[in-house]
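Peer 1: Sequence:
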Amino acid sequence: MHRNFGHVTAGILISELQQLYWHPDMVLISQETIRTCESCQLTLAPNIPSIPLQPIPPALPLQRWEIDFTGPILGFYLLNSIDYATGYGISHLCFSMNHETIINFIKNLIHTYGTPVDMISDNGSSFVAAETKAFLKRLNIKFHQTTPYHPRTNGRCEKFNGIIKIIWSSVWSQLKELSPEGALQKALQIYNTRPSEHGYSPHFFLFGVALRLANPISPVFYTGEETSEETAAFVKDLAKRKIEKLNMLLNSINSIKASQS
1 MHRNFGHVTA
11 GILISELQQL
21 YWHPDMVLIS
31 QETIRTCESC
41 QLTLAPNIPS
51 IPLQPIPPAL
61 PLQRWEIDFT
71 GPILGFYLLN
81 SIDYATGYGI
91 SHLCFSMNHE
101 TIINFIKNLI
111 HTYGTPVDMI
121 SDNGSSFVAA
131 ETKAFLKRLN
141 IKFHQTTPYH
151 PRTNGRCEKF
161 NGIIKIIWSS
171 VWSQLKELSP
181 EGALQKALQI
191 YNTRPSEHGY
201 SPHFFLFGVA
211 LRLANPISPV
221 FYTGEETSEE
231 TAAFVKDLAK
241 RKIEKLNMLL
251 NSINSIKASQ
261 S
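All the letters of the sequence shown, read from the start, carry residue numbers 1 to 261 under full-length UniProt numbering.
Quick caveat, the hints were computed from the structure, so don't treat them as lab data. Values in this document were obtained by computation on a predicted structure and should not be read as measured data. Among the clues, some could well be false.
[Unchecked claim] Here are the simulated DSS-like cross-link-like pairs (lysine-lysine), alpha carbons at most 27 Å apart as the crow flies: (1) 242 - 186; (2) 176 - 186; (3) 257 - 236; (4) 165 - 245; (5) 159 - 107; (6) 107 - 176; (7) 165 - 176; (8) 159 - 186; (9) 137 - 165; (10) 159 - 133; (11) 257 - 245; (12) 107 - 133; (13) 107 - 137; (14) 257 - 242.
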């Protein structure tokens, strides 16, 4: 039956057998059948034991940055970086993905936010270039690359790549007077100042204050005049609730007196 079903796995084989037969050792028999099948041993991938996970310890703001390229978009590449602790994102518009672009980007990052302790990237050729590693080593910055089998290590920057591309493209298409660089700066402002699910923005986490905008949006509240019917209904409901609370209080007093007598 294992051969007839195309050398299926143990789970599928057990499921098919249970519909036709019953045996107390059916699971062991199925596993042994696959283990001793010559065709399966030659074609199946070896069972490589998983390597123990090494969790990344938390970092203080501006100490650890994730960095990555994305694009091309409309003829440009974006070199993006995001602070691991606060989620604050920065981006640079470029035409090539070489090590010189990366080094200049990191220099500007250091001039603005200070020298980080760690940086995380993927295994792109520009990131693993000898010039990039030598530059970071001189600055005593620990440089970590994600493994091909676990790209989620740089997942925060990957998510930032997708979001900033959408915002940048939308801003550039709507505000025709802006240059590509101007649209990118506007997109970064939108990203860094919009609150996340916890109610705070990356800008607030980093600087501790909300960014003052040139044209803030003032909330507009409805101030319709109450009718006499609405006022009468409100007063009636308020009186009803007061009577209910008074009755609850009297019942509590009577219960206490009864328990003490």
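Peer 1: With reference to the structure, classify each hint as holding or not holding.
Peer 2: Hint check:
Between residue 242 and residue 186 the alpha-carbon distance is near 54 Å, which puts this suggested pair outside the 27 Å criterion. Distance hint between residue 176 and residue 186 is fulfilled; the C-alpha atoms sit about 13 Å from each other, no more than 27 Å. Of the pairs offered as hints, the one joining residue 257 and residue 236 is violated, with about 32 Å between alpha carbons and a cut-off of 27 Å exceeded. For the hint linking residue 165 to residue 245, the alpha-carbon distance of about 57 Å lies beyond 27 Å, and the restraint is violated.
Of the pairs offered as hints, the one joining residue 159 and residue 107 holds, with about 24 Å between alpha carbons and a cut-off of 27 Å not exceeded. With a C-alpha separation of about 31 Å, the suggested pair residue 107 and residue 176 falls outside the 27 Å cut-off, and the hint is violated. Proposed proximity of residue 165 and residue 176 is supported: the alpha carbons are some 17 Å apart, at most 27 Å. Under the criterion of a C-alpha separation no larger than 27 Å, the hint pairing residue 159 with residue 186 is consistent with the structure, at around 19 Å.
Distance restraint check for residue 137 and residue 165: the Cα-Cα separation of roughly 31 Å exceeds the 27 Å cut-off, and the hinted pair is therefore not satisfied. Pair hint residue 159 plus residue 133 holds up; C-alpha atoms about 25 Å apart against a cutoff of 27 Å. Distance restraint check for residue 257 and residue 245: the Cα-Cα separation of roughly 19 Å lies within the 27 Å cut-off, and the hinted pair is therefore satisfied. Simply put, residue 107 and residue 133 have alpha-carbon atoms about 14 Å apart, close enough for the 27 Å limit, and the pair holds.
Of the supplied pair hints, the one linking residue 107 and residue 137 holds, its CA atoms being roughly 13 Å apart against a limit of 27 Å. For the hint linking residue 257 to residue 242, the alpha-carbon distance of about 23 Å falls within 27 Å, and the restraint holds.
Checked against the numbered hints above, the structure violates hints 1, 3, 4, 6, 9; every other hint is satisfied.
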